[in-house]
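S.K.: Whole structure, please, built from the sequences with the hints as guidance.
Protein chains: 2
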Amino acid sequence: MTYCVGILLESGLVMASDTRTNAGVDQVATFPKMTTFEVAGERTMVMLTAGNLAVTQAVLQHLHKDIANNETHNLLNVTNMFDAARLVGMAIRTVHKEDAEHLRHHNTDFNISVLFAGQIAGEPTRLFNIYSAGNFIEASQETPYFQIGETKYGKPILDRVINYKCGLEDALKCVLISFDSTIRSNVSVDLPVDVLVYRNNKLSIDYNHRVAKDDPYFLSVRQHWGEGLRKVFAEIPGPDWC
Amino acid sequence: MTYCVGILLESGLVMASDTRTNAGVDQVATFPKMTTFEVAGERTMVMLTAGNLAVTQAVLQHLHKDIANNETHNLLNVTNMFDAARLVGMAIRTVHKEDAEHLRHHNTDFNISVLFAGQIAGEPTRLFNIYSAGNFIEASQETPYFQIGETKYGKPILDRVINYKCGLEDALKCVLISFDSTIRSNVSVDLPVDVLVYRNNKLSIDYNHRVAKDDPYFLSVRQHWGEGLRKVFAEIPGPDWC
Chain A
0 MTYCVGILLE
10 SGLVMASDTR
20 TNAGVDQVAT
30 FPKMTTFEVA
40 GERTMVMLTA
50 GNLAVTQAVL
60 QHLHKDIANN
70 ETHNLLNVTN
80 MFDAARLVGM
90 AIRTVHKEDA
100 EHLRHHNTDF
110 NISVLFAGQI
120 AGEPTRLFNI
130 YSAGNFIEAS
140 QETPYFQIGE
150 TKYGKPILDR
160 VINYKCGLED
170 ALKCVLISFD
180 STIRSNVSVD
190 LPVDVLVYRN
200 NKLSIDYNHR
210 VAKDDPYFLS
220 VRQHWGEGLR
230 KVFAEIPGPD
240 WC
Chain B
0 MTYCVGILLE
10 SGLVMASDTR
20 TNAGVDQVAT
30 FPKMTTFEVA
40 GERTMVMLTA
50 GNLAVTQAVL
60 QHLHKDIANN
70 ETHNLLNVTN
80 MFDAARLVGM
90 AIRTVHKEDA
100 EHLRHHNTDF
110 NISVLFAGQI
120 AGEPTRLFNI
130 YSAGNFIEAS
140 QETPYFQIGE
150 TKYGKPILDR
160 VINYKCGLED
170 ALKCVLISFD
180 STIRSNVSVD
190 LPVDVLVYRN
200 NKLSIDYNHR
210 VAKDDPYFLS
220 VRQHWGEGLR
230 KVFAEIPGPD
240 WC
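Keeping their order, the protein sequence lines are chains A and B.
Take the first sequence: its position 9, counted from the start at 1, is 8 in numbering that gives the first Met the number 0, and no numbers get skipped.
Take the second sequence: its position 25, counted from the start at 1, is 24 in numbering that gives the first Met the number 0, and no numbers get skipped.
It is possible that part of the hints are untrue.
Said to hold, decoys possible - Listed next, the stretches of chain A that the computed footprint assigns to chain B, with coverage defined by at least 3 CB atoms under 8 Å from CB atoms of chain B: (1) 160-169; (2) 213-220; (3) 225-237.
Said to hold, decoys possible - Using 27 Å as the maximum straight-line C-alpha spacing, the simulated DSSO-like pairs for lysine-lysine come out as follows: (4) B/Lys164 / A/Lys230; (5) A/Lys164 / A/Lys201; (6) A/Lys230 / B/Lys230; (7) B/Lys230 / A/Lys164; (8) A/Lys212 / A/Lys230; (9) B/Lys96 / B/Lys64.
If you're looking for bench data, these hints aren't it; they were derived computationally from the structure.
This structure is a prediction, so every number in the text was calculated from the model and none was measured.
Glycine included, each C-beta is placed from N, C-alpha and C at the ideal position.
M.R.: Written as structure tokens, this is what we have:
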């Protein structure tokens, strides 16, 4: 399984993805699910992927090939993020055409979800949630975050804390707590977690970090949060029924 | 959808279920999902149900009919909780035989999960998770709680707080927080929530309460928890990346 979060904030983006993949319980491996595309000073894009690993890798391969071949339309020359998201959707459709029927012969769904975000000079920062069908939706000020993969365990804390006006630091802290909750409740999601922070109009990545099992900041957040929750819990008066 | 939790503790049981059912977004209704069977001083049982409402009601109907007909084996005369859980499983299999094929004609799964718990004099208190196939598992000191329905949003807080030694009051408080998190993140689960507390060897229900939208204790837990979380969150130092 996988857990990825993308948050669009007034001041920029926070994106995070875990690195665990599994095909059954006896085939667990580590693969990065975060890919960046950048022309410093001109465009910065980040893509998080969930789903069938062969499908997500094939889609990335198509996108990279189009860049290498300097195709008329590729992620490094389109002029806006909507067109960039369309290119990702089109790559998904290409892989669907190649693979979906063969997967069906083996009772395997064609399964991919993508969080795709970034900024191209002249446009604001944008965040998209791209589906297996290649179509997509865009985040808004009212709905500033998307999750893909194993989304439910980590949603309550996002719902309580995240809004469009939230600072990048707070959003990053919240994302780490959201991953901690998910990792505690589901063995199919695990550290390391890749996190990326992008500040509007910088047109290069502000912060890109792999949070490993011994990451001092993650361990400190985990400890403070766990202890704080237990303290808050203990301070809530008991029910008056007894 | 539905959310139900059952917790087996050293001192007794805490059971809770929401009351929202929906068949599509335009057919939302309130139905209780908690049923009790009791012979005061001799046995106390509680059953929480999730799944297709017609199936869960049919199963309950069979169990009540067997009691009314004073069948050789019914929930009010079996001598231990394992046999009681087997009767519930057999009722599920009876309804499966009657309805499953007809449901299939309408592309509807035969879908029911049950949390069934209680105590019969001479035995300890026991908690079972009964599946659509009529088979079941029993809670243990190591795995003292089960959830059915929309389980993921409310699992992290249970994972952090609940263990077998936990007191009944703390478990009830934790269950209310678990419901609060679920209700906030998923519109298909909502108040009122039925909660029941059973103290070992009492052989009658200790506390059985419908938590309505304006329940003062629930509102106080919700407020303390929300404010407490925000305070803990604010107190965690920010990341050192900026």
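S.K.: Is the Cα-Cα distance between A/Lys212 and A/Lys230 27 Å or less?
M.R.: holds (25 Å)
S.K.: Regarding the pair B/Lys96 and B/Lys64, is the alpha-carbon distance no greater than 27 Å?
M.R.: holds (17 Å)
S.K.: For the pair supplied as a hint, B/Lys164 and A/Lys230, confirm whether the alpha-carbon distance does not exceed 27 Å.
M.R.: OK: B/Lys164 and A/Lys230 at ~18 Å, within 27 Å.
S.K.: When I compare C-beta atoms, does the region 213-220 of chain A have three or more residues closer than 8 Å to chain B?
M.R.: holds (count 3)
S.K.: Within a Cα-Cα threshold of 27 Å, do B/Lys230 and A/Lys164 meet the stated pairing?
M.R.: holds (18 Å)
S.K.: Given the proposed pairing of A/Lys164 with A/Lys201, does the C-alpha separation stay at or below 27 Å?
M.R.: Answer holds: A/Lys164 to A/Lys201 is near 18 Å, not above 27 Å.
S.K.: Count the residues of the region 160-169 of chain A whose Cβ falls closer than 8 Å to any Cβ of chain B, and tell me whether that reaches three.
M.R.: holds (count 4)
S.K.: Check whether the Cα positions of A/Lys230 and B/Lys230 lie no farther apart than 27 Å.
M.R.: With Cα atoms ~11 Å apart, A/Lys230 and B/Lys230 stay inside 27 Å; holds.
S.K.: Test coverage of the region 225-237 of chain A by chain B using CB-CB distances below 8 Å; three residues minimum.
M.R.: holds (count 11)
Violation of the numbered hints given earlier is absent; every hint is satisfied by the structure.
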